[in-house]
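Engineer: Residue-level listing of the chains:
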Amino acid sequence: MTTAIHAADLTRRFGDLVAVDRISFDIEQGEIFGLLGPNGAGKTTTLSMLSTMLEPTSGTATVMGIDVTKDQDGVRKAIGIVFQDQSLDEELTAQENMDFHGRLYRIPKETREQRTEELLKLVELFDRRNDIVKTFSGGMRRRLEIARGLLHHPTVLFLDEPTLGLDPQTRNHLWKYIETLAKEKNITIILTTHYMEEADRLCNRIAIIDHGKIIALDTPDRLKDSIGGDVVTIRSPDTSKITTALAVPWINRVETHDGEVILTLKNAEQYLSTIVTLMNEEKIPITSISVHKPTLEDVFLSFTGKTIREEDVSRKDAMRMHFRMMRH
Amino acid sequence: MDIVYTIWLRSMKRYVRSKSRIVGSIAMPLFLLVFLGFGLNSVVSATSLGQQYVMFLVPGMVAMSVLFTSVFSGIQIIWDKQFGFLKETLVAPVTRIEIMFGMTVGGATTAVIQGIILMVLAVFLGLRIENPAGFLIALGFMILVGISFTAFGIAIASRMEDMTGFQLIMNFVVFPLFGLSGALFPISSLPAWLEPVTLVDPLTYGVEGIRYGLTGASQINPLISVVVIAGFAVAMTVIGAYLFRKVSV
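First to last, the sequence lines map onto chains B and P.
In terms of my numbering, the first sequence is residues 339 to 666.
In terms of my numbering, the second sequence is residues 505 to 753.
One should not assume that every hint holds.
Unchecked claim - Restraint ranges, calculated between C-beta atoms of paired labels, are given here:
no. : chain 1 : residue 1 : chain 2 : residue 2 : range
1   : B       : K521      : P       : F587      : 32 to 40 Å
2   : B       : N468      : P       : G528      : 23 to 31 Å
3   : B       : E535      : P       : F587      : 51 to 59 Å
4   : P       : F587      : B       : E462      : 30 to 38 Å
No lab work stands behind these hints: they were computed from the structure.
Ideal Cβ positions, reconstructed from N, Cα and C, are used throughout, including at glycine.
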C-alpha cells in the first residue's frame, strides 16, 4: 500500500476565522476516505486545498507524492473533482461537456472519444449524449459530472457532497457507482458528506471533522464501537433525576440531551426491563424508550456533545455571514 | 494553442445556439441605422460629410454592434462564475493566460461576426464597398475593437461578483465611449472643448478605421487609428489577463 494523500498540519484561515485547523491524515491508495461533518466544518476548504484551488495558510499536503503548493499542474493532472455546486455548461450537450474536459486535459482525440463513450455508458447517459444539459435532472447532472471527472483517468477522485439534494433513489444509485468505481478502477476516492448513512456505507475510513479540526478518525465500525455498546434513548417529562436513578455499573454512559436521556450499554435488550423497573422505583414517568445499534450520528454526538443537525444550523449561518463580509 | 482553441470552440457553440441573442444584439444598431440614417438623411447637410448621412452612420453602427457584443461576451464570465463552470476550467492543468486568451478570442470572434452581419444588412440599405481591400481594413479594425472590449469585459467581470453592476458599466462606461466616438456624427462638428475628449476615447480610432475601410474617407489618419486601437487592444489584454489571474471561485 502506498500513500495517495498526505496532509500535515494543514491550516487555512479566512481573516479571523480558522476554517481548517492543523489537520493531519494519510490516505492509502485505493481507499474510500470520508470527511464527515456539519456544513461549515471545513470539509470543502480541506478539499479545495488538496485540489490546489486554495492555498493553505500553513502546513503541507501531497497528492500522489506531489506537493500541492509547489507543483499545482502535477496535482491537477492526477486528480478528478466533482464540486459541491454544479459545474457543467448547461448550454452544451453531455458529449460536448465531456469533449471540452478532454481537450482541456489534452487527451488525444481517439482516446478522448473512446473513453467518453465508455464513461457515458457507465453512468447510463450514453443515450442522452446529444441532449443539452439544461434538460437533465439533478441526478443525471451529477452522474455526468462524475463521468467527466474520470475522463482523464485520475488516480485520486474528489467528491464534494456527491449526493447533496438528490432523492433517496438517485442517491442509492450513485452510491453503487462510487462503490463500483473504487473496486474496478482502483481509484482513491476522498469524499465529503454530512450524511451519516453515506459515510457509513461507502467509506473505508472516516475523519469526523468539526470546527476545522479532526475529532476522530477510524473505520466506521471502530468509530461505532467506540460508543461502548447499544444506544438507549429515553424520553421523559422529568429528565433531572434519571442520571442518579440509573447510576449502575453496567451502563457505560448517561447523557441528557434536549429532553432525552441517552444511555450507552452492552446488550441493551436484556437490560430494558431492569431500566424500566429502576425508573418506576424513583417514580420517573417515561414517555417513550427505544433501543438502537450505534450509528455515526451517535459517534458525532458523543465526540461533540451535539447532533450534526444542530451544528448545521448555527455554523451555516455563521459561515454565510462571514462570507458575505469577505466579499465586500 | 490547443487550450485557446478549446475555449474558443465553446464560445462558438454557445453563440450559434443563442439565436435570440444574435437577433437581439443586431436589432439595436440596425434600428438606429434605419431610423436615424433615413430620418436625418435630409436634415444633416451632406457637404460636411461628403456623403449621405446614412452611409456615414454605417461604420458607426458596425462598431456599435462589435462594441456591445464584445463587452457582453467578456462580462459573461460572471455567469460562468455563478453557474460554477469557471471552476471546471480553473482546476484543469492549464494556465490562466491560456484560458483568458481563449475567452478573448472567442468573444472577439462573436463580436466580429455580429459586425459582419450588420455590414451585410447595410448592403441592402445602399452600402457599396468599392474595393475588397477596404473590407479587409474594416475587418482588421473590427477585430481590434472586438479584442479590446472583450478583454475589457473580462477585466470588469474578474472584479464583479454578480450581474448587478452590469447596467452601471453599460450606462456609465460603454455608452459614453460609444457616444463620444464619432459613430453618430463627425468629430469636427463637436464644440472645440469636447474634441479632446473624443480623441481620448479609444473607440474613436476604431470607428474612424472602420469608416476609412468602408467609405474610403476618415477624419483621422488610418495609420494613427491602427496604432492607437492596436495599442489599446494590447493594453486591455494585459490588464484583463492580470485581473483574471487573481480570480478566485
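Engineer: Compare the structure with each hint and give your call.
Structural biologist: Hints versus structure:
no.: 1; hint: K521/B / F587/P: 32 to 40 Å; verdict: holds (33 Å)
no.: 2; hint: N468/B / G528/P: 23 to 31 Å; verdict: holds (26 Å)
no.: 3; hint: E535/B / F587/P: 51 to 59 Å; verdict: violated (30 Å)
no.: 4; hint: F587/P / E462/B: 30 to 38 Å; verdict: violated (24 Å)
In this structure, the earlier hints numbered 3 and 4 are contradicted, and the remaining ones agree with it.
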